[in-house]
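A.B. asks: Put chain B on the given structure of chain S with help from the hints.
Listed below, chain by chain, are the residues.
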Amino acid sequence: MPDTNQSEVSLIESAKQGDIDAFGELYTIHLDAIYRYIYYRINNAQDAEDLTEHTFLKAYEALPDYQQKGKPFSSWLYRIAHNVVVDYHRLNKDNIISIEETHDIELGQKQTSTLQEIVNVEEVQTLAEGISQLSSEQQQVIILRFLEGFSHKEVSQILDKNEGACRMIQYRALLTLQQILGDYFK
Amino acid sequence: MKIISDSIDVILDRCITDIQTGRKGIEECLRAYPDFREELTPLLNMVVNLEDYPRVDAPDDFRGIAVTRLTNILQARSVNTKREVGSNNKRTRNKDDLKRASLFPLFQSNKRGFSIITALIIIVLFLGLMMSGVITVSASALPGEVLYPIKSQIEKIRLDLSLSDFTDSQLYLTFASRRISESSELLELGRPEYIDEVMNDYSSNLIEVLTILFESKTLTNQERASLAAYIIEELIFNQEQINIIYTRAPQQYQGIIKEALLLSQYGHDIVVEAILSSSVDTSITTSAFPGEITVTPTLENLLLPTDLPEINLTAFPSEGALRDPNIRRTAIPGLIKIIYPDWVIDPSLFPNGFVWPPAWPTFSTQYPVWPTGTVIPPTRSLPSDYPSDMPTPLPKNPTERFPERTPRPSRP
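Protein chains in written order, with my numbering: chain S, 1326 to 1511; chain B, 58 to 469.
It is possible that some hints are incorrect.
Said to hold, decoys possible - Chain B stretches covered by chain S per the calculated footprint, using a threshold of three residues with CB under 8 Å from any CB of chain S: (1) 101-109; (2) 116-130.
Said to hold, decoys possible - To give a feel for the contact side, a few chain B residues facing chain S, derived at Cβ under 8 Å: (3) I65; (4) D66; (5) V67; (6) L69; (7) D70; (8) V113.
In case anyone wonders, no lab produced these hints; they're calculated from the structure. In this text, a Cβ means the ideal position worked out from N, Cα and C, and glycines have one as well.
Just chain S, same shape as in the assembly (with noise of 0.2 Å):
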């Protein structure tokens, strides 16, 4: 997880003042991480904008009571994306998403062959029906340490947990991803 570097703290300084256009590039900047993280929870990608969009939203809101106190901003903008993935779980219990329903998602990687686009498309949709039945704290764990490749420190900031109590969540959510998926990976 990359520390807040000083051109990011003074946009968070500026937002903080009510700059919208500071707090447009701060959303440039973590638009692609955080819509990440909230699509391998909801593995719903036409929700995971519009859930994208509340976190920002949300973060405009708690600005003025940001402070950095060591930890980087992403790890903020984590906790709020957490709380609204809680929300939209508590509002949707009973809305189960089947893989068929998943809107297609777009991948990062530009790919040469449709095919291959295709396999890939299908790989991220298993992974996050995958995800989706861990433990809200597995979930995280994951995405964080495997997906976004943060270190074992940085992910007990963002879950507000010590570092002990992560890598046994660590331990449990890949012993229950292994049995969800291990057929997957074979």
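C.D. replies: Below, chain B without anything else, positioned relative to chain S:
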């Protein structure tokens, strides 16, 4: 083997970190922990698979408009917030002005000032009177009759027994209406000499009600709003009746009747003024998902029952909402405007005007929307049934209407 006492989660994490940083491959890790090979193998393979997964990014069409949409929404909200702040200031100023302009001697309710024993005595007395039938008989008593003092005492007892300012206020309004009925009856019976006393009592009751409305610290917002609506309705009715009394009363009593009429009119006006000068709360909340717009005005935003508000919402649809054919899109990219000019309140829902409006609207959409907007109250207009044949036109400045009145002493 390095630290055999480490638990599996610690060893797994150490291996993951080594693989992620490129210090070791899977096989090297497994060799370092042979006792855990079987358990670690699928998990480390899973980790490698996860990290090799194709990267998911936000779709291009979403990314293309995302920032513009967000900044549009934030700018609109910012404008709206400023508008709200402005109107809040206005509200405060108007309330202060109203308080300064008020000529009413606002005396505090001495409620809850009596002991439990006193209350018990009152209850016993009240029940005794009820059982003896005196209450029933005295209810129709008129000033100058033997039972009228009992009727007055019973009204005081009812006030003492009430446990809230809200109940008090309703009692005062009821008693005020009684005084008007009594005046009518007195005129019919050819006993106008008691009109002074009765009209004075009407005014005193009305002052108590208005005092509670504006000064009570215990009224809830809901109660205050209900009371405001009730006062308006009652006073319109009172004025019709007082007008008739005024025209039928001998000239020497018209002065006091006119004063009661003007007080009633003034009371009506300041309540209406307070309602209309209060800001309309434009706080519009949305649920996270699916979308829902709830217009939640403060209860002070209560409007005259005969008027209809216009709700003018500008909602920024989410991406999902943009695909909803039921939501109209304007020419402004990324914005929609929803106007509900035809929102009609069914008067039958609040026959007594007690709670108005019965509910503020909630607009549901299939997708989340991020709305901003305003609830536009109608321009001030008096109800169509407002008495038009007042003895004197209302002066613009309320302070010119009434000389300082001698307040009725507080209840013992």
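A.B. asks: All hints, please: hold or fail.
C.D. replies: Going through the hints against the structure:
1. 101-109: holds (count 6)
2. 116-130: holds (count 10)
3. I65: holds (6 Å)
4. D66: holds (4 Å)
5. V67: The hint holds - B:V67 has a Cβ within 8 Å of chain S, the shortest such distance being about 6 Å.
6. L69: Hint holds; B:L69 Cβ to chain S Cβ min 5 Å, cut 8 Å.
7. D70: With a minimum Cβ separation of about 5 Å from chain S (threshold 8 Å), the hint on B:D70 holds.
8. V113: holds (5 Å)
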